[in-house]
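Peer 1: Protein chains in written order, with the UniProt record's numbering: chain A, 1 to 357; chain B, 1 to 118.
Misleading hints may appear alongside valid ones.
Unchecked claim - Pulled a few chain B residues facing chain A out of the computed Cβ check, cut under 7 angstroms: (1) 19; (2) 71; (3) 96; (4) 100; (5) 102; (6) 104; (7) 105; (8) 111.
Treat the hints as calculated values from the structure; they're not laboratory data. Treat the numbers as computed from the prediction; the structure is a model and nothing was measured. Ideal placement from N, C-alpha and C gives every residue a C-beta, glycine not left out.
Okay, here's what each chain looks like letter by letter:
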Amino acid sequence: MDSIFHRVTIHELIIAIVVVLSLVFLLIMLVLLYSFYKYKVLYQRQIWLQESEQKVIQAIVSGEEISRVDEEFITRLRNPSFRNVFLSVLVASDQKFSGGARNEVNNLFKIYKMEDAAWQKLRQRKSYLVAGGILELAVMRVERAFPDIASLLEHPKRQVYQEAQYAVVSFKGFDGLDFLNTLVVPLSDWQQLRLLRSIGKLPAAHEEWVKNWLSSSNESVIIFTLRLIRKFQLLPFYADVINLFDHTAVNVKVQAIRTIAALENDETVNQLIAAFFTQPIEAQIEILRALKKSRSPQSESFLQQQLWHHPAISIKIAAAEVLIALKQHGYLQRIATDETVPEEIKQVIKHALQEKT
Amino acid sequence: MLILIAEDDELILRTVEHKLLKEGHQTILTRNGKEAIEKIKELEIDLVITDIMMPFASGIEILSAIRSFEKELPVIVLSSMGQEEVVADAFDLGASDFMVKPFSPNELILRIKRLAGK
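The shape of chain B in the complex, shown without the other chains (with noise of 0.2 angstroms):
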């Protein structure tokens, strides 16, 4: 699968993006909304990771982007304690699950295996 890290923590977005090599996914790193956003719409991404909070553009507005680009992509939502509405609003976008900080590489490949079989 081709996967899309939107992360603006560098050891999370490295930690997630060698965990997903080893499984023998491709990946493409983003550290902002706004990149995250031109890779979706110009490549045929499988599956996106992204978070809530990040430079130039959110992980809401990620998903408000490939709604308005008709693309069935599913994203999955890395939140923060506390942002509880943020991620009702990601659902009602179209987020197909989410994982709060600090979270577990391993239940987050487990997720992808899930979404991935659907």
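The shape of chain A in the complex, shown without the other chains (with noise of 0.2 angstroms):
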């Protein structure tokens, strides 16, 4: 009996090492296949990329001669993987040249026919291949585009709607910020510097606007709007950017004070420190940062009031630091050494130093 089913257990067991090795024979076959396909693709990708940059750098060197109709590389296109691999190459390439460069770029989007694989894009339902089917139209100048790409600023779909926002400003510059009329949405940091960097230049009418932003509900308009009076310089609303001082958001309050250190004239100085005792912490430090910047000697008894009388160690160890950019470093060591100071000031006048060295 023990004998029986000594051997039917030998036979079980043998036939359980077969299955088992044939399962990890099996596993290890479809991962070697599964990695030999993905090192396949991305080999074909690398491919792809470097014979797109080839047709880039050709056509940006050799001007038209070169970059004229190549009907086998026409042919290839057709695949849609290897499409979108040199349209991603275009769109890059357009963001990395000016000029004559940029141009001949231009010419491949035509030569090539890629404005019917973006508008395929822009019909799409998910939201990546909109937001890529924008930029690629805006990159290629695709005026008639524009109705379509503006219909889609008010779209749910954060991705869709900033690209939108973006493409509107590359084709008509200032004129398309209208959206920031009626924009309820915040305007993140990033996207607000993508679509200062596409503003080359202001209209005559830009006032109108301007103002009407600087009191938007909207916290990022604002916000945006300093930004664009730093960039272009205008010192027509520094009284209007003195007044953002009382709003009641913290970040529009820097911002303003950042401002107006850009716009900087004789009163400025004085007008910061008069802000300065109503405003909350952070307000109060940028303010020292444009004291800083300005490097007036009107602001020394001030900075040494703050260092000396300030509740908060930041606002303390930051007047410190500007005493140190006013070249005060005589005064600070001499309280510094002084044995009738208090610790505290020592050891903020100590660590200014250090951030200094």
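Got two chains here, separate frames each, mind docking them using the hints?
Peer 2: As structure tokens, this is what we get:
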């Protein structure tokens, strides 16, 4: 009985081992096949990337003589994956080069009819594809796509409406910013920088728009407008910016102070000092940064006062740093070695001097 | 002229290379700052075109190295938007000119000609 049981067990054991080994072998084969497939996809993509870049380089370096229609290339562009790689290289190139080189890249879009591929993306349901289509049409400067893109400014997906915002500004410059009049969602910092970068000049009739945006109920629209004022040094808005020191949002106050520092005139230092006492800590630190930038001796006694009497350590340190910028090392070192001075003030000065070195 | 290009963006690197070759210059390509510093040290280079942000050593470190080698070498810095302070540091360290990306390769060639004529 024992012996039969023993034989059956061994038989079963062998079958089990064979089954397990087969499964392991199958699994290894699957992993290897999948890795090989992924490697092939990546390798192919790398080759397509190099080919696409070579096409762009030829067009930029040699101009139209080389960039005329390449029939074989057109045939290969029928492969959607290759077309996407080529399109992404063209979009990236457009953002790296300017002048004649950018025009050559733009010619490639037209010669190889990449517009059709971008239009198709615009009609997809997936938001990342729609956003990609918007970017491509904007980079190609397909003017007739403007109404379709503008209609996507109210799209519920952030990726889509952000790309639409960028595109309308790429097409129309400052005039494309009219969506700010009704914008209710926040404009991210990154998006603000992208938009600012796309605006090369202001039209003569910009004042009414700027004034309107400065009183927007959307905090990010005000901050964007302050950055616009800084970029174009819009001095006529000096008083409007000063008024924003009383805004309820701390971020707006901080940006307003930064803007006033950029528009600096003879009154600025006194105005910043006068506003200091009613501001929250974040805005007070920004005022001290502005004073550091202006390096005006007018602020010396005010800074000494903050170093001695302000309750917040961060303000004491910032005040000491500005005094260093004003070359008041002698004053600070005298305090630091005076035995009657409280230890806290000495530590603040040591910290500020260390930061400097 | 023997021109060294230090740039980690392959498309920019190769476009500038082809443009310079077409103009009759010789080029040395480096994809990081450390490699660029080694080449500048060992070779007699006539001009350097460098990106600001690169792996291992930045454009600023390249300029410092050129200064420490006591080489009189014109350097054109390629910067991005918002790197004004770094560009100012680059000028303090002896940069001859700078261009902001996106840039025009044709304009780069003109600037090289201007520097070569000095």
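Peer 1: Decide, hint by hint, whether the structure agrees.
Peer 2: Consistency of the hints with the structure:
1. 19: holds (5 angstroms)
2. 71: This interface hint is violated because 29 angstroms lies over the 7 angstroms limit.
3. 96: With a minimum Cβ separation of about 21 angstroms from chain A (threshold 7 angstroms), the hint on residue 96/B is violated.
4. 100: Residue 100/B check fails; min Cβ-Cβ to chain A is 9 angstroms, beyond 7 angstroms.
5. 102: holds (4 angstroms)
6. 104: With a minimum Cβ separation of about 3 angstroms from chain A (threshold 7 angstroms), the hint on residue 104/B holds.
7. 105: This hint holds: residue 105/B lies near chain A, its Cβ roughly 5 angstroms from the closest one there, short of 7 angstroms.
8. 111: For residue 111/B, the interface hint is violated, since the closest Cβ of chain A sits about 13 angstroms away, which is over 7 angstroms.
Violation of the numbered hints given earlier is confined to hints 2, 3, 4, 8; the remaining hints are satisfied by the structure.
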